[in-house]
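Novice: The chain contents come next:
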Amino acid sequence: MNISKIANLKFFYTNTNTLTVYLSLFTFLLFVIGIYWGLFIAPEDYLQGNSYRIIYFHVPAAWLSLQTYIIMAVTGFIALVWKIKIMEIASIQCAPLGALFTLIALITGMLWGKPTWGTYWVWDARLTSELILLFLYIGVMVLYSSISDKRQAAKLTSILAIIGLINIPIIHYSVEWWNTLHQGPTVTKFEKPSAHITMLIPLLYMFVVFNIYFLTVLIKRIRLGIYIREKNSKWMKEYHDV
Amino acid sequence: MISLLLKKELVLYYRNLNNIFLPLIFFFLIISIFPLVLGPEKNLFDKIIPGVIWITAILTTLLTSNNFFKDDFNSGVIDTYLTSEVSIELVLFLRIICCWTFTCLPIIFFVPVVSILFDISFYNSIIILTTLIIGTPTLICAAIFGSALTLGLSKNNMLLPVIIIPFYIPVLIFSASAIESVTSGLPYEMQIYLLLAFLVFVLPIMPYLLKYTLRISINN
Amino acid sequence: MEILINSASCIKNNNVIFDNLNIVLGESDIWLITGPNGCGKTTLMRALCGIQNLESGSILMDKIDIQNPKSRLKEKIIYIGHKNSLIDNLTVKENLEYLCAFDSTVELNNKNIIKEAMIYFDILKYQNYMVSDLSEGNKKKTSLARLFASKKKLWILDEPLNNLDIKSIELFLNLIVSHQKNGGISISSSHYNFLKHKENIKYLEMSN
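Protein chains in written order, with my numbering: chain A, 321 to 562; chain B, 5 to 224; chain C, 685 to 892.
Careful, some of the hints might be misleading.
A few chain A residues that don't get close to chain B, going by computed Cβ distances all over 10 Å [claimed, not checked]:
#, residue
1, T347
2, F455
3, Y493
4, M519
Taking lysine-lysine and the PhoX-like style, the derived pairs with C-alpha atoms no more than 25 Å apart in a straight line are [claimed, not checked]:
#, chain 1, residue 1, chain 2, residue 2
5, C, K835, C, K882
6, A, K557, C, K696
7, B, K159, C, K882
No lab work stands behind these hints, which were simulated from the structure alone.
If you're wondering where the values come from, they're calculated on a predicted model, not measured in any experiment.
A virtual CB, placed ideally from N, CA and C, is assigned to each residue, including glycine.
All chains should be modelled from the sequences, with the hints used to inform the complete structure.
Specialist: What follows is the structure, encoded as structure tokens:
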């Protein structure tokens, strides 16, 4: 049992080296295509002109920030119940990545708000929920860094992530409800544009690209996590000497 | 068995009355500095007093629950809890109830005084009391969960609030809005029911969750 | 009752604490674990109680893994760690009552059982003193007094002799021996061999 668990890590580490190189190049290429598509090919918006184009970063980042939290909680759950080491590493490595996506969503949201609405920040449901999500991520990262035994830290942060996941719909619902209470009937400013297909397709494309980016970075980070955990072990030293 | 557990809690609080007294004073102190900072206009305070009361309640519950398990951990009593065949869930449940009774209930009793300080009408005070009675146990449960997570860490006093406050947000939103709805004459039942739902959902699972977390936290 | 420790190993924070440990604990055994500081005595004891997870290997009680709830491990063990597990703001008597409430084999209906435990360890005169006011030796005696009242079969004691004076060490030794006569198992850890003039002692020497 013990051997197979370590073999998992070793197997993953030694076989993903070239994979990450190709994935990185592929992701970069896809991003370049996506940026060109979003900036130049997609049509101008009727109301907002060209400033809407930032949604091609804002919306996928927001979707992915939530998706990463779900992945973090699910891999944490698997790590707790089935005690699979690589899931522990994957779970905690999702956290900075998810925080990055949340930050991108918030900053692009702010940049979108300025030309569209005149202010950088407004306390609407979506941005406020994103902000709370950022705090959830930060909580996980801070808890992990405070505990010196990293395996114990991984378990405790998994529990926190799972409880956080249960709370996310509740928080989201309560923030939306709060927003409608205080906003009144005005249209929310950051609605997804109601779907002209030539605007929607690049959006979905960028969502896929962000996912591939997530995968690339996660694999690299898992490799890093494995290295940190196993750097004194025999197979790691042999691997790096060769 | 239960009587012994309760006796221990009561004796501990009785011997250390500061544990009851200080949260109450802290609550009043924080509420009192709001007018100093914001100016004593009645119009302003009518609008913000529900929020002020609730933020102060949050701060109080966080700070008092920070050390819920710390003494037990440092003295090794948690090892006894976890190696005993007695149901630790029962012990934890009783401890949570006692913690709420001795730290939050005094605050709740003194809410009428806050009403006098800020000239809140009787009906509004009742609703503030109701939200506090239903909401603070949920807050205490969340803070105790945080204290179980951060058990061995004595250095970071800010860690618990940073981790747990996002979980407070639903309770906060619905309580503050219930009070505001009453003030504006809008229906408030939904908020109260939701707060009750939170409590009913969180309180029974809390002992099991705490036991699981404690087992991992002491595995140091 | 028999406890088997099979190829147990434990890793904490990337350090191997102990590896490939095999021991059999049988009825009426008195075990003494010795070894230098940091060799893993406390970790082993906590693993026996079920509160420390093993990296590999298993501990079986009567052929059932102790992590399995069916093994009913907790009904049979009493663990006294080297932290005394006493509550500072309670008196000696209250502490004993509270701690014995966690031990279902103590007949708390018998009002005198706590008193007899205190008399045995000669701490009756401190019964109404706050534990925080006692000396370290008296605190240790208070924490060991639970053993007098308990009828649990397996005693897991981490450094039970810390801070005890010679008379108290004798009292403790007599307790261990009478526990053995009743068929109980005890496993203690210590820095020196306090059982050297007794017979039938099983030793485990651990090293770094």
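Novice: Taken at face value, is the distance from the CA of C:K696 to the CA of A:K557 at most 25 Å?
Specialist: The given pair, whose Cα atoms are some 21 Å apart, holds under the 25 Å limit.
Novice: For the pair we were handed, C:K835 and C:K882, check the Cα-Cα distance against 25 Å.
Specialist: holds (23 Å)
Novice: Against chain B, does A:Y493 keep a CB gap of more than 10 Å to every residue?
Specialist: violated (8 Å)
Novice: Take a quick look at whether B:K159 and C:K882 sit within 25 Å of each other, Cα to Cα.
Specialist: violated (46 Å)
Novice: According to the definition I'm using, a residue is off the interface if its beta carbon is farther than 10 Å from all beta carbons of the partner; does A:M519 meet that for chain B?
Specialist: At about 33 Å from chain B, A:M519 clears the 10 Å cut-off, so the statement holds.
Novice: Against chain B, does A:F455 hold up as non-interface, every C-beta pair farther apart than 10 Å?
Specialist: violated (5 Å)
Novice: Verify that the Cβ of A:T347 lies farther than 10 Å from every Cβ atom of chain B, and report whether the claim holds or is violated.
Specialist: holds (31 Å)
Hint check: violations occur at hints 2, 3, 7; the rest are consistent with the structure.
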